[in-house]
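*Asks:* In UniProt numbering, the protein residues as written are 1 to 385.
Warning: the hint list may mix true and false statements.
As the list claims (entries may be wrong) - What follows is a list of derived Cβ distance ranges for each label pair: (1) R69 with P327: 30 to 38 Å; (2) S248 with D287: 28 to 36 Å; (3) T314 with M373: 21 to 29 Å; (4) Q261 with V121: 30 to 38 Å; (5) N374 with T107: 41 to 49 Å; (6) Q256 with D102: 22 to 30 Å; (7) M373 with S258: 18 to 26 Å; (8) E347 with E299: 26 to 34 Å; (9) R69 with E303: 19 to 27 Å.
Unchecked claim - Listed next, the in silico BS3-like pairs over lysine-lysine satisfying Cα-Cα at most 30 Å (straight line): (10) K94 with K111; (11) K80 with K217; (12) K344 with K334; (13) K220 with K334.
Derived from the structure by calculation, the hints contain no laboratory data. Values in this document were obtained by computation on a predicted structure and should not be read as measured data. The beta carbon of each residue, even a glycine, is placed where N, CA and C say it ideally should be.
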Amino acid sequence: MNDMKSRRRSRNQRNHSSRSLTSMATTALAAYGAYKFTSWVWNKVTAETDESENHSASTHRGQTQSYMRQRRQQIAKCRKEVITTTSSFLNTLKLRVDSLTDVSQETKLLKQIRSGQVEEVSQQDLWDTIKVRSITRMLATAYAHTILALVLNVQIHLLGGKIFREKFQQEAEGDEADFVENEDDNKENYHQQVLVYTLEYFFDEGLNALVQDLQSKVEKYFEAYQVMNEDSRSVNVINLQEFDDAVSKVNSDFEQVSFIQYICDFDGKASKAGMEEVQFILDETLDILDSPDFEIAKEELLEKTMKGLHDEYTILFQGDGDEGSMPVVTIVTKLKKICTSFYKSPEERSEDTFVDLPMSAYPSKYLYFMDRMNSVRELGDFSFA
């Protein structure tokens, strides 16, 4: 354990400069996203009061609409907000992953070597660094996107359900006015604190650890596939099966890794700062992340995400209709483009005529897939409770 902490500490120090460049932006975006989310939750719940009053000023909402019906409606709203909120953080996600897998310095040195400005640097070493970071970027994007979407799915439903039940109970007891006037500020405040606390950790410490852990596995399983031979003249090749096998080994190793360590420091500053309400929500979050429901949703969403990723990089090996061998350098230099599919709306439309929205209406095809997974919906229901 001490060796692991020491290794993690040294890695953090090496990445201090890149992390410090984005920490302020990360904090600002996390705070803004949390504010937008908690405002949404509160407005969606309290808006039900106005709708009820417009229907009948003298009839209590509980007499016209059942608790379970209202609950289903609120869960449906939460599910839509998961997509919207995740989308709002995609630019931050891209910024962080790109900064942690940056190869601009190595690319610059390669250009200087070709122009004769630098001689003492090994092209082979530079290309090896570019290879490892490029593959790490691709896999880190897939894992980070999955983690972010699932965590927001949990916390949006958890906080939305908590407010909904408290609001419903107060209305049933006839204390709605006092609830709205006295509890609004406090509840929005600690809900924002929960979101900010989680997102700040994920985008800073969590992503840094995730990238470093993935990079060590990429180094191990792609070690045999160097871009250049020792003479720095001969270019090595790799075929789709070899690339697939190495990626599968990385993913297989990662199946044993708990995502919780990348999401939040659940034993950290919240409890020490006396934020009991925040710590209570974080404890509830941890219980859900430790549940079979989360594990099932994680496995199924990762499987679907990796299948989509496989389809993307398979195209890189198709030369003249044949999935044969390609220069490693060709594959490595094109991997970054694959990551864009996580950050942009797909052009294709869904063939499913029974869904509310076509695939092209989603921020990414991976969020489209997630929104239609029963295990993810069940996780949301479980979190909403």
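*Asks:* The structure should be examined with respect to each hint, and the outcome stated for every one.
*Replies:* These are the hints, each one checked on the structure:
Our hint of 30 to 38 Å for R69 and P327 is violated, since their Cβ atoms are close to 60 Å apart. At about 32 Å, the CB distance of S248 to D287 agrees with the hint of 28 to 36 Å. Distance hint check for T314 and M373: the Cβ-Cβ separation is about 23 Å, which falls inside the suggested range of 21 to 29 Å. For the pair Q261 and V121, the supplied restraint of 30 to 38 Å holds, since their beta-carbon distance comes to about 36 Å.
Hint check: N374 to T107, Cβ distance near 44 Å, so the stated range 41 to 49 Å holds. Look at Q256 against D102: about 28 Å separates their beta carbons, and that is inside 22 to 30 Å. In this structure the supplied range 18 to 26 Å holds for M373 paired with S258, their Cβ-Cβ distance being about 21 Å. Range check, E347 to E299: about 29 Å between beta-carbon atoms, so the 26 to 34 Å window is met.
In this structure the supplied range 19 to 27 Å is violated for R69 paired with E303, their Cβ-Cβ distance being about 34 Å. This hinted pair checks out: K94 and K111 have alpha carbons roughly 26 Å apart, not beyond 30 Å. Restraint check: the Cα-Cα separation between K80 and K217 comes to about 35 Å, which exceeds 30 Å; the hinted pair is violated. The straight-line distance between the Cα atoms of K344 and K334 is roughly 17 Å, inside the 30 Å bound, and the hint therefore holds.
With a CA separation close to 21 Å, the supplied pair K220 and K334 stays within the 30 Å bound.
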